[in-house]
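This is what each chain is made of:
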Amino acid sequence: MGTHFFETDVLVIGGGIAGAFAAYQARQAGARVLLVDRSYFGRSGCSALASGVYPSYMPGDKVEDWIKGLGAGPLVNQSLFVKALPVMYEHLMTMDRWGVKWLKEGREIVRLGAPGRTFKNGAWMAEGGPQMMMAVRAGVLESGVEVLNRVAVTQLLTSDGKLPTEEHVVGAVGFNVRTGEIYTLHAKATIMCTGPYKFPYPWPGSTLGYMPIDLSGDGLAMMLCAGAQLSRLELGGINLNPDQMLCAPGLESLMPSGAKFIDKSGRRFLEDYDSKRMEMTSRALLYFAIAHQKELGNIPSMDLKEITPERMELLKRVIPIIMSNYEGAGYDVTQEPVPYTYQVAGTAGIFGAGARINDRGETTLPGLYAAGTCSDINYLPGGHLPFCSVTGHWAGDAAVTYVSETSLKPLIPKQVEGAIEAIEAPLKRTGGAFYAPVHRRLGELLMEKVGLVLHAERLQAALDSLLDIREREVARLVARDAHELAKVWGLTHYTQVLEAVLRAYLYRTESRVAFIREDYPIIDNVDWVKMVLVQRQGDSLKLWDEPVPESFHVVPVRPTRNLHLVFRKKEPLHAPS
Amino acid sequence: MPQVDVNKIACTGCGICVETCPTDVLRLDEEKKAIMAYSEDCQGCFICQWDCSFEAIRVRIR
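Sequence order for the protein chains is A and B. Heads up: the first sequence begins at 3 in the numbering used here, then just goes up one per residue. Heads up: the second sequence begins at -2 in the numbering used here, then just goes up one per residue.
To be clear, the hints were calculated from the coordinates, so they are not data collected in a lab. Keep in mind that a hint or two might mislead.
Claimed, not checked - No more than 30 Å apart at the CA atoms, straight line, and that leaves these computed lysine-lysine pairs for DSBU-like: (1) A:Lys64 <-> A:Lys103; (2) A:Lys106 <-> A:Lys262; (3) A:Lys70 <-> B:Lys30; (4) B:Lys30 <-> A:Lys318; (5) A:Lys70 <-> A:Lys416; (6) A:Lys411 <-> A:Lys70.
Quick caveat: nothing in here was measured; it's all calculated off a predicted structure.
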């Protein structure tokens, strides 16, 4: 197989909106920038499939109104949220210039409301995420960013040749997912923008709900392997999607359009959770309520019958993928509700879980930056998209400063050779395990032992089984071509992250929003306003906690202890066996 | 599982769907028509249908 070598100032790994703004910002400052994407820049990951809304600050907004929307509790970095607001607006305008089609009245961008918002602050994409990302792509390419498509990165490279490293990150190694050709990428600074990870979660009777192959947490695994600290992995939360479909839930645009959530008897069950705001309650509570109803067997479903025909036509343009999914799945949404389900989703969830970064996008390793949903400050009430673009922006800025102050440190040939050998091993292996059954077994394990309601005994059993599957099966996976090699690497990375997540689940001994411990049912704002951190040391993972700094809080935390909502219910709750 | 239906008369073999498919499911066959080479990885995202200028692709979810 062929090999390719690239040298650059800033290497950006991942081409969603975080990677796009990281690359653009670094390039604007004059750096040479190479963006690599496992898929096709502008079409990969989550951004192109977004729910059609970019919540954005605009001049004249009151910051306190934005703060009021922070419904996800005391672990949120509110100060950083405030700092992000003007950058969101800058990005809104930049994207407008690039040709992103916003919903407008005359020349003015219109903003609409959404669940959890205290005021109307969401800019709607007039032609949805697919058009947004292709316009963003064009803007970034025009700035002079170089792009490699279909290159899956497998490992970071370090100046001391060690993993975990005691020195600097100096690039990465990967392969083309069609040809298998090897790419060695040598960089002064590396920005990880690889998005979330998702549990494979096959609900009984569902043909879908499995792990999409491009959400396998590759970046998280690589950063963990290199020795970067990850945080809040246990608080990644849950993710929703229509049952049998893998598209976004569409809550940002469907709820303010008049969609309702009902149970199997047609009752609007949000009444039990937030009778005042109902479907416009906080995102965190909305996600939790739907997952809870699913667990209770009440078939939570989206009822779109009250949406006007005019608004329905608009929605077909704003969230084309979601509306196409409904239609493609055979639903006449004017007549019948669409069942929804949830997945334990890691960093696709509510709080933001991933590489520990500061407000410059710096991880705990020199030369390594992270942005978007693979970092720990992605924050949903402000919207995934703006926080991804803003953290990308910050990381791009900081990487350029670093690049201007540092020389290109040499690669360690032995490390590069080892990484290439590891990439190709599944192609050369005979008599090993195949991807599909291993992937299915992991899904069954998580379904059986993890689920929405957690308990130490089940978590420990899940962790033991995971380590066994990893040693006996994942380490022996066979790939028959480069496409399958990408899946094998996805599953390998995924199981590395999953170990860290399960250990973090075990570490946090309280309940909080969608993190629900049957054995620790209290939301503890006295002892658990803390971050749980994970770091690889040698061959094992070290976990510890640190108090959330007071500087995070614009609104002070009240030291309360309350029983989690789940345990206040009368209905018996299904928990995995 | 999602299914990508290709109208072989309308498909011009331009390859844009192969280029942009997020999960790398599609290829061109010997007749230069789009086919699902890795159907098990289709996530039903409709990007191929969206990107096709010739209305040659329809995605079904179930």
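(request) Provide an ascending list of the numbers of those earlier hints which the structure does not satisfy. (result) The structure breaks hints 3, 5 and 6; every other hint is satisfied.
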